[in-house]
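Colleague: Model the full assembly from the supplied sequences, consistent with the hints where possible.
Here the numbering used here is used: the first residue of the sequence shown is 1, the next is one more, and so on.
Hints were generated in silico from the structure; no laboratory data involved. Keep in mind that the hints are not guaranteed to be accurate.
[Said to hold, decoys possible] The calculated lysine-lysine pairs, modelled on DSSO-like cross-linking and capped at a C-alpha distance of 27 Å, are: (1) 9 to 54; (2) 42 to 72; (3) 9 to 42; (4) 55 to 9; (5) 30 to 54; (6) 30 to 62; (7) 54 to 72.
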Amino acid sequence: MNKQILEFKNTDHFLHSQWDRNIDDQLLYKVLPFVECTKCEKDVVFVMPSHLQKKGIAKDDKQCLILVIKQKLLLTAYWCDHPNYLFNQKETPHFQILY
Numbered sequence: 001m002n003k004q005i006l007e008f009k010n011t012d013h014f015l016h017s018q019w020d021r022n023i024d025d026q027l028l029y030k031v032l033p034f035v036e037c038t039k040c041e042k043d044v045v046f047v048m049p050s051h052l053q054k055k056g057i058a059k060d061d062k063q064c065l066i067l068v069i070k071q072k073l074l075l076t077a078y079w080c081d082h083p084n085y086l087f088n089q090k091e092t093p094h095f096q097i098l099y
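Modeller: Structure follows, in structure tokens:
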């Protein structure tokens, strides 16, 4: 696992979650070019199963990949089959959905 993928830098926490949650570098190389970073405190990117299927990297047809990014710094990543709870959080991060 690399400390940097494209123009994104990985935190130690991201590297651990990437390893622990089976998110390989090849998947990130296919997804990250479509991610738009903002100047917000936190960007939450939902990579939907349809986007993963188009790229030939779908885990299954229900799980989406969630990436949490601060500018060009990857904070964490995980697989989620019910991401709606993220919209109910008190913080108001910038959301991006990749279909």
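Colleague: Which constraints among the numbered hints does this structure fail? Numbers only, ascending.
Modeller: none
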